[in-house]
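Trainee: Listed here are the chains, written in short residue letters.
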Amino acid sequence: MRHLYQSQRAMRNMRRAAMQRGVVAILDVGTSKIACLVLRFDGPQRFVGADGVGSMAGQSSFRVIGAATTRSRGVRFGEVSAMQETECAIRTALNSAQKMAQVRVDHVIACFSGARPRSYGLAGEIALQGAVVEDQDIGRVLAACDLPDYGAEREVLHAHPVNFALDHRSGLSDPRGQRGQVLATDMHLLTVDVAAIENLLYCINRCHLELAGLASSAYVSGVASLVEDEQELGAACIDMGGGATGISIFLRKHMIYADSVRMGGDHVTSDISMGLQVPLSVAERIKTFHGGVVATGMDDREMIETGGDTGDWERDRRTVSRAELIGIMRPRVEEILEEVRARLDAAGFEHLPGQSIVLTGGGSQIPGLDGLASRILGHQVRMGRPLRVQGLPQAATGPAFSGAVGLALFAAHPQDEWWDFEIPAERHNGRSFRRAVKWFKDNW
Amino acid sequence: MFALNRRRPGGPAPAAASGAPMRRDPAPSRWDYRYQRLMLTPLFRIGLRYGLPLVLIGGMAALWLANPANRALVTDRIDAAREMIHSRPEFTVSALEIIGAQPALHQAIEALVDVEFPVSSFQLDLDALRAAISEFTAVAAVAVRVRPGGTLEIAVTERVPVAVWRYIDGLRLIDNDGVMTGMILSRADRADLPLIAGDGAKEVILEALLLFRTAEPVFDRVRGLVRMGERRWDMVLDRDQRILLPSDDPVAALERVIALHEAQDLLSRDITIVDMRDSARPTIRLTEPAINIMRNVRETGIRATRD
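Chains as they are written, first to last, in the numbering used here: chain Z, 1 to 444; chain S, 445 to 751.
The set of hints was computed from the structure by calculation and includes no laboratory data. Keep in mind that the hints are not guaranteed to be accurate.
Cross-link-like lysine to any residue pairs, in silico, SDA-like; alpha carbons within 25 Å at most [what the hints assert, rightly or not]:
hint, chain 1, residue 1, chain 2, residue 2
1, Z, K99, S, P470
2, Z, K99, S, L487
3, Z, K99, S, Y479
4, Z, K99, Z, G124
5, Z, K99, S, A505
6, Z, K99, Z, R16
Pair by pair, the computed Cβ-Cβ distance ranges are [to be verified]:
hint, chain 1, residue 1, chain 2, residue 2, range
7, Z, Q102, S, M504, 27 to 33 Å
8, Z, A10, S, F488, 47 to 53 Å
9, S, R489, Z, L280, 40 to 46 Å
10, Z, E350, S, L487, 56 to 62 Å
11, S, I501, Z, L280, 30 to 36 Å
12, Z, L233, S, I490, 52 to 58 Å
13, Z, V227, S, R489, 39 to 45 Å
Quick caveat, the model's predicted, so the values are computed rather than measured. C-beta: ideal position from N, C-alpha, C; glycine also.
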């Protein structure tokens, strides 16, 4: 526990150092592609807020100066499965992004979609020592949350304080300075398999990079693709990736639930490959050019050449109708969406005030998906694209990059997590010593 | 399209050969990746752009200079170039001209300038020459320069002796500043200059000259001035007469004496000392015979008046 707190704090310090140096790389390790953005930070918030325009969640403070994407290798279900291959792929993406940016990057902030994320809601309560809530009290109440037994092989990835309650007033976002006797908090904890983190860390270290932050891709794509109202009122972001589909639910600008379904676009591709007896690359091409989930009468007549690469070029001139293709794709997409529905139901999504669902990620580009999704998930379904950030190339503005863009926003303006607050020392002596050190630091 | 039975010369089985082009890997190798990152490091790039050429050129120069023959070649070239410039006619000095020096000083300076003409002006150390000439006591100021025509010009301003100072070791000539310019054997060598004597006389040479000018009416009788106790002057006349002058404002006192002399012929009378040290009570001392005569005259005069 202590170890986790320290390591996350070290990562935060690394992130601060990277911001000071001004250049940081964003690495979205996905199953189908690895995207790398190089961000340049131009000092602290040069943006001057005009009337009613805030700092736009921090995305005005940086600029994308390098972007590269490469076909992912060695990643399955959003987890590293072949280290060397993944390392090669990361190296490829980083090398070309560095070349584009013409700057050397030493710090990287990474996200991944797999590793079986699991959400926990924690509650903590303390009696205040003084009359007014102070910084230390926040740290104490967060430390007072009783941790569930999430298993030895798992690690905490996010720990957001979602809500604070003072006496009987709940829904406070920042109780500091307020009067009261009892401070309570709700914390959202996200744990993932530690092996996935270790493997990714190893790959990144092999590329001579320092990890300055780690995030769940479901969370960051929600940050990028949900608009402010949706985040406030309650919304779910479905990030349909290659190997895993991430689900994150936001309420009052905080993520309150995250999960992932271990199915994605690659499964659709492999279905096509098996159903049409074509190689995976051909299946992928057919899926992207001709894919769909809603068949019409027109689709029976639209014939697609599969061009099977069996070597018998003269006789292997198979064609399929688009209706057939849709007949292969649709059950798998429905399966994914139903699995998502089940997860949302388990999380109690129907009790939220807002019911909007945002589909994003590369898999959401299948034509007709919104109609299918609204039949399975509910009426308020829309397609989400990531927020626009400065300097992002046109090719990287699609929904497939919502994870990368969200990670950039996360790098520029991270939400408070548990390890951002000081844990007060238990013993009085230690505390007074710490206060003396703090006084010394403040005054010298 | 190509023949299905095509084989690479000496290549392996066709299956492996057909697999070869599929091996294209977009990932940079570890070394390539490192190299790319190194090339994007700003300090390294600066070093590569400026440091490497510098080191290369410096190394090549050092290697070349490591050979003594090459070093000698370089020094020879430099010497030759310098020699060529120095030996140009514009820089040759072929004559010496000394202006404003008496024959004795002229000879001394000529002996000092020990240069064989013609010589290059770069080899003349004018500053040292000027310092050496200034060492002569008879020289007040000196200007040394090379005139455009190729002449070394030494313009000397000599010190002009204004008085003779009798000192323990003999007679010295001193100028306005009290600096000794030379020595003479006898007073008759420079009879035109006034004589001063006594310790500390040369420090107040200007006052002495002023006193001599004041004593113009009796100039032929003045023997000299003696500094008494480094404080005041005695003017010595012939016939062992002395005028004792006060330490402050001696000129006015002397003027009074001269005026007295012109009115009453004071100094022609039979007196030895005119004491002007106390301006309120000038005193004169008579000679021995004069006192006797004076006494006689007084007695007879008194008697006569009684009679």
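Trainee: Each of the hints needs a verdict: does it hold here or not?
Mentor: Cross-check of the supplied hints:
1. At most 25 Å may separate the alpha-carbon atoms for a hinted pair to count; K99 (chain Z) and P470 (chain S) meet this at roughly 14 Å.
2. For the hint linking K99 (chain Z) to L487 (chain S), the alpha-carbon distance of about 17 Å falls within 25 Å, and the restraint holds.
3. For the suggested pair K99 (chain Z) and Y479 (chain S), the alpha carbons sit about 12 Å apart, so the restraint of at most 25 Å is met.
4. Between K99 (chain Z) and G124 (chain Z) the CA atoms are separated by roughly 48 Å; this puts the pair beyond 25 Å, and the hint is violated.
5. A hinted pair counts as satisfied when its Cα atoms are at most 25 Å apart, and K99 (chain Z) with A505 (chain S) does not qualify at roughly 37 Å.
6. Distance hint between K99 (chain Z) and R16 (chain Z) is fulfilled; the C-alpha atoms sit about 24 Å from each other, no more than 25 Å.
7. Q102 (chain Z) and M504 (chain S) have their C-beta atoms about 32 Å apart, which keeps the hinted 27 to 33 Å range intact.
8. Look at A10 (chain Z) against F488 (chain S): about 28 Å separates their beta carbons, and that is not inside 47 to 53 Å.
9. With their beta carbons about 42 Å apart, R489 (chain S) and L280 (chain Z) fall inside the hinted range of 40 to 46 Å.
10. Range check, E350 (chain Z) to L487 (chain S): about 59 Å between beta-carbon atoms, so the 56 to 62 Å window is met.
11. With their beta carbons about 57 Å apart, I501 (chain S) and L280 (chain Z) fall outside the hinted range of 30 to 36 Å.
12. For the pair L233 (chain Z) and I490 (chain S), the supplied restraint of 52 to 58 Å holds, since their beta-carbon distance comes to about 54 Å.
13. In this structure the supplied range 39 to 45 Å holds for V227 (chain Z) paired with R489 (chain S), their Cβ-Cβ distance being about 43 Å.
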